[in-house]
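Colleague: So the chains spell out like this:
6 protein chains.
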Amino acid sequence: MRNDGRELDQLRDIQITRDFTKYAEGSVLVETGDTMVLCNVSIEDSVPYFLRGQNTGWLTAEYSLLPRATQDRNIREAAKRKLSGRTQEIQRLIGRSLRAIIDLDKMGERTIWVDCDVLQADGGTRTASITGAYVALVDAVNFLLAEGKLSENPLKDFMAATSVGIVEGKAMLDLCYEEDFRAQVDMNIAMTENGEIIEIQGTAEENPFTREEMNKLYDLAEKGIRELIEIQKLNLAVE
Amino acid sequence: MRNDGRELDQLRDIQITRDFTKYAEGSVLVETGDTMVLCNVSIEDSVPYFLRGQNTGWLTAEYSLLPRATQDRNIREAAKRKLSGRTQEIQRLIGRSLRAIIDLDKMGERTIWVDCDVLQADGGTRTASITGAYVALVDAVNFLLAEGKLSENPLKDFMAATSVGIVEGKAMLDLCYEEDFRAQVDMNIAMTENGEIIEIQGTAEENPFTREEMNKLYDLAEKGIRELIEIQKLNLAVE
Amino acid sequence: MRNDGRELDQLRDIQITRDFTKYAEGSVLVETGDTMVLCNVSIEDSVPYFLRGQNTGWLTAEYSLLPRATQDRNIREAAKRKLSGRTQEIQRLIGRSLRAIIDLDKMGERTIWVDCDVLQADGGTRTASITGAYVALVDAVNFLLAEGKLSENPLKDFMAATSVGIVEGKAMLDLCYEEDFRAQVDMNIAMTENGEIIEIQGTAEENPFTREEMNKLYDLAEKGIRELIEIQKLNLAVE
Amino acid sequence: MRNDGRELDQLRDIQITRDFTKYAEGSVLVETGDTMVLCNVSIEDSVPYFLRGQNTGWLTAEYSLLPRATQDRNIREAAKRKLSGRTQEIQRLIGRSLRAIIDLDKMGERTIWVDCDVLQADGGTRTASITGAYVALVDAVNFLLAEGKLSENPLKDFMAATSVGIVEGKAMLDLCYEEDFRAQVDMNIAMTENGEIIEIQGTAEENPFTREEMNKLYDLAEKGIRELIEIQKLNLAVE
Amino acid sequence: MRNDGRELDQLRDIQITRDFTKYAEGSVLVETGDTMVLCNVSIEDSVPYFLRGQNTGWLTAEYSLLPRATQDRNIREAAKRKLSGRTQEIQRLIGRSLRAIIDLDKMGERTIWVDCDVLQADGGTRTASITGAYVALVDAVNFLLAEGKLSENPLKDFMAATSVGIVEGKAMLDLCYEEDFRAQVDMNIAMTENGEIIEIQGTAEENPFTREEMNKLYDLAEKGIRELIEIQKLNLAVE
Amino acid sequence: MRNDGRELDQLRDIQITRDFTKYAEGSVLVETGDTMVLCNVSIEDSVPYFLRGQNTGWLTAEYSLLPRATQDRNIREAAKRKLSGRTQEIQRLIGRSLRAIIDLDKMGERTIWVDCDVLQADGGTRTASITGAYVALVDAVNFLLAEGKLSENPLKDFMAATSVGIVEGKAMLDLCYEEDFRAQVDMNIAMTENGEIIEIQGTAEENPFTREEMNKLYDLAEKGIRELIEIQKLNLAVE
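Chains as they are written, first to last, in UniProt numbering: chain L, 1 to 239; chain G, 1 to 239; chain D, 1 to 239; chain Y, 1 to 239; chain Z, 1 to 239; chain B, 1 to 239.
Keep in mind that a hint or two might mislead.
Since the list can't tell identical chains apart, any single copy or any two copies may satisfy a pair.
[To be verified] Here are the computed lysine to aspartate or glutamate pairs in the DMTMM-like style, where the Cα-Cα straight-line distance is at most 20 Å: (1) K223 <-> D72; (2) K22 <-> D180; (3) K223 <-> E212; (4) K22 <-> D4; (5) K82 <-> D139; (6) K216 <-> D19; (7) K106 <-> E206.
I should point out that these hints are in silico values taken from the structure, not numbers from a laboratory.
Construct the entire structure; sequences and hints are all you get.
Modeller: Right, here's the structure in full:
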């Protein structure tokens, strides 16, 4: 049994609050256990320099931890005047994952800014960011459709992400911070509704892992992501 | 009448949610109208270099707007790798205001970090930050007292802050963004429960103002701050 | 009596040397007691990006301490590759104060750069900067008028600034560094010739102050600023 | 057939030149097709702050492209004064992969610096860096053993890395730049001699991929890595 | 006798490898004793902002040491996020020296980027950079001529550079690191084929030197540079 | 005849004002024609990390142009958050030149900070900085001797610096900005009282120059520096 009483293949409770703030075209507060991420999607009516005149859109993501999102206070990156490698790695992951399910050619010359700000971090912040940002992205796209700014829905698929890992020899789904800290293997996966892989990143923290272990982790992730997509759908069904 | 129906001397509705996140020694979400600020107070068991060995504590504040706290998305200061003058001015104001009501000699060699992160900005973010941070500071101090880490309460007074201004010739209390934008005079005041001034900052945006106008603004601020301190007290009375 | 023999309501000696350097459109060395600030005003024939095409001008100020302007050498901000919060706060104050007495719509698409470089700091550098920069601004505007680049004088008023404070319970005018260091309350005020307020910033360094104390400080500042404006006028009367 | 005539499951020619420079404890020039990376391993007799006094070592990696390693000149990160997200992602990957096969507790309080500088980039620079850095690491460890600075070999396993991908529907091994550019799926894998996974990172550039495709890629990677480890061993067998 | 057996007026062995990498318009690996510098010349079809529309070209140089080019590892400037004074001084020297022998008016609106990356540093890296970069520049210019992009050769002269110095009272040519470290006087000279001076920089590290000593150093440099230009010519004679 | 009526071998008028500011241990305003540089020397009772415990001192120099020291306003390096190559080159030159005439072993573990801030730039700012800073250094050393902090004078020699150049084919001494701008050859020399060379830096801006031309420039510089040292001595003779 896990320290919060969950089964090995059980997700933490997840809450998705849409329209959490009023200005963003899509604004979702996602809570996965004690992890809380505010995912805001903003639409800007221009694209970066390298895409101008090509009649295509762009999507980019930024990620940040509030200073006291963590057990010990972490120094602001603005105060340090640089982004950590961890931050850059995560925001690149979020951006790539979302770009895989949107047809940017249907967006016109617009930039979609995805801001994932972690208010409280208890493990799985990058996958919660992806899962929540997807819902905010749907809202932002629907806003553009309703405004008549888009003629066609550019979203190609549902998607969500979760973490899996091996802790004390056991493969488990949706690690909280305490489990993540002790994990021998740590894997993050983003998938579509059909179980196709968007992104897979697995790391042996200390001991390399076998193909069998990878397959077991994959099965857990697939199960979790299917459940997450169900929750997203239920949530989005409410006007 | 004001555009949200308030009287000239009326505060916006204010909500103070304590223990909003779980790690910080004091964590308050303050909502003033549509302005939302998360105020986290963290205790660190050391002081900056210039104070070491003097048996005194330190308090410092940081302030940040989330990128989509505002009507248009603003670029992260971490991405720009510098703090704007506005941010620095505000965080210095918050820090000075709180230092004025705490006896740092009674804190031991500890640093109090006050983090004010604006989730939604609709005017008055700096004064809402001070008002909310004060409550979080009380919680953090009480935590240290309960843990036996402090033998005496270092807080000297209650305090809160508000904005006042002159909009189309009329002095008014607690400006929302739309009013602030049109204001000819803009003033922020922090006061104690006895109506003593901690900080006063008044700016003629275009036209200098008279001493009589300043006095009228002062009266409004004093009224508002008394009401805010009542709300803080009610809120803190709940265990 | 004060440590330099002044009365409580007495300014330090002030020297204003115009045309201190030869390239700037306005160049003033202002000396207030031992505080020395070089105030150069430069005219640039364009405006920042956000104002282009609006047929209006802009005014911005920068402030810096030379490394050995102070008792102990301070590290250059260029070497630290960041501006301190104090510097940003001061340069924003100088800029706002000067913008309040100039009609930028009459400047054409020009930027006025105000550079205040402190050669020696003995208290009151920010208010000396404002007082000196005003004179340099008059010279720069007269230069543009003489060149036929402006058809109308955009300056709306005379103005100057000074500091006041409470030191050992006594309200006093124009604090030198040693007084400023010991002050319980510190206030900077910029006013027009008619005694209207452009900017007021008062801070309780340790103990909050009463409205009566604020009024006393205000009276002192008003007296000092009237005298400063007389000196500016005498100085500017010389061709 | 591929544009350089290779089979789908065929590696490019690989050259490993040890002792390429004279100062580093391990110095390897690795050439994979036209990709050339200089991998230098340096030993420093101290550890970062957070590990001091724990009698353990540390390994960290840095990666950089020379400005004209690429078809078009890229701007130096030193000139831009920031590391790109790509650089940070890659150097974190190299560091993690190497830390997985070394027992840092056997290193004493030493830091191993792994510098991978790309002289010419034609695809697969990150995996060539890992493969070459491993050989340089063996040389550096042998140097420490020969000097009597280590009593026991801290290396736990052989390892190498390669890229695989799906290009125009075909899974292929060891992509050159032109193939990488056109790939629908891109995956980098680091494995031990026994075929255990150290790191797996797969990305759907546009279209999500199935589990079957992932398995096919995995098989190709495993084949390639076994061959790379053979080449490393042959190379290291020479004194 | 010198510690590597050379005469006082003897250059170290020099190797010039052209086409060392495949993308740059000119790519030379220059080896002077154990000093190894990769000199890449890139052509960009535009000029910096301040030269646009003037129908002239530009040439700029950048210089960098790989982290383990030196006996002890040096920290990357990209990681420190600033260029050292030494780096800036050297890259300005390389750029100025090369600009002196090229007629930029004949280049069209093109920028020539000269990148000198030191793979191994054993003294004389700045002069080796100039000597090698000159050859790469010839190759790049010939490439443009062959492509028909230039109608006339803009190069005005041959040139090379070397270091001279006084070590233990003896003037000597082409100092290695160990000699440079002990030198009382250190001088770098760039000259044309006719013995005309492009750049001379002499420094008394501790004791000022006489005009006679300067003349002796000058003679040595002139002899060395004539030999270096012979080697460049032989090398360039091969197609 | 030169545009200010000087002979080819004539220096501009030079004014040296000692004790220009009150805090620095040595403070000199040097004016050479219209070039004005404030040279402050500060003593710090510690040395940089790499010299600690070696019972030796250190001397380092910093140089900066005020924004409107020049004809057109230049942007502050603090605002750009980097030092230009020119600034770094000059401050390294000033530091090296002064270190050559001081015996740092006699300074104890102290750092001498030399700050050269250019108030007005009309050519020759780097050599004026050296010439003025030498006088300020003498004052600072005498201060330490008078305080009994040094037992022996560490200064080994008098020294000064000047610029020479070839303008329209004529060699001339002490170039003003307008001459410097048109110069074909530009040379800066620092020498001791005995005519020994501390630093020589000559640059062919466009056309390489002959050894005869270099000798002519050298003669002019030697004459100018002898005169400058006479002026320094007269100035220092006054208590």
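Colleague: Take the hints in turn and mark each one as holding or not.
Modeller: Now for the hints, and whether the structure bears them out:
When the C-alpha separation of K223 and D72 is checked against a cutoff of 20 Å, the pair qualifies neither within a copy, at 33 Å, nor between copies, at 39 Å. For a Cα distance limit of 20 Å, the shortest separation of K22 from D180 across copies, 19 Å, qualifies, whereas the shortest one inside one copy, 34 Å, does not. Both within a single protomer and between protomers do K223 and E212 lie at most 20 Å apart by alpha-carbon distance, with minima of 17 Å and 17 Å respectively. When the C-alpha separation of K22 and D4 is checked against a cutoff of 20 Å, the pair qualifies only between copies, where the shortest distance is 16 Å, while the shortest distance within a copy is 34 Å.
Taking the shortest alpha-carbon separations for K82 and D139, neither the intra-copy value of 32 Å nor the inter-copy value of 32 Å comes in at or below 20 Å. Proximity of K216 to D19 under the C-alpha cut-off of 20 Å is found in neither arrangement, the shortest distances being 37 Å within a copy and 39 Å between copies. Proximity of K106 to E206 under the C-alpha cut-off of 20 Å is restricted to the inter-copy arrangement: shortest distance 14 Å between copies versus 44 Å within a copy.
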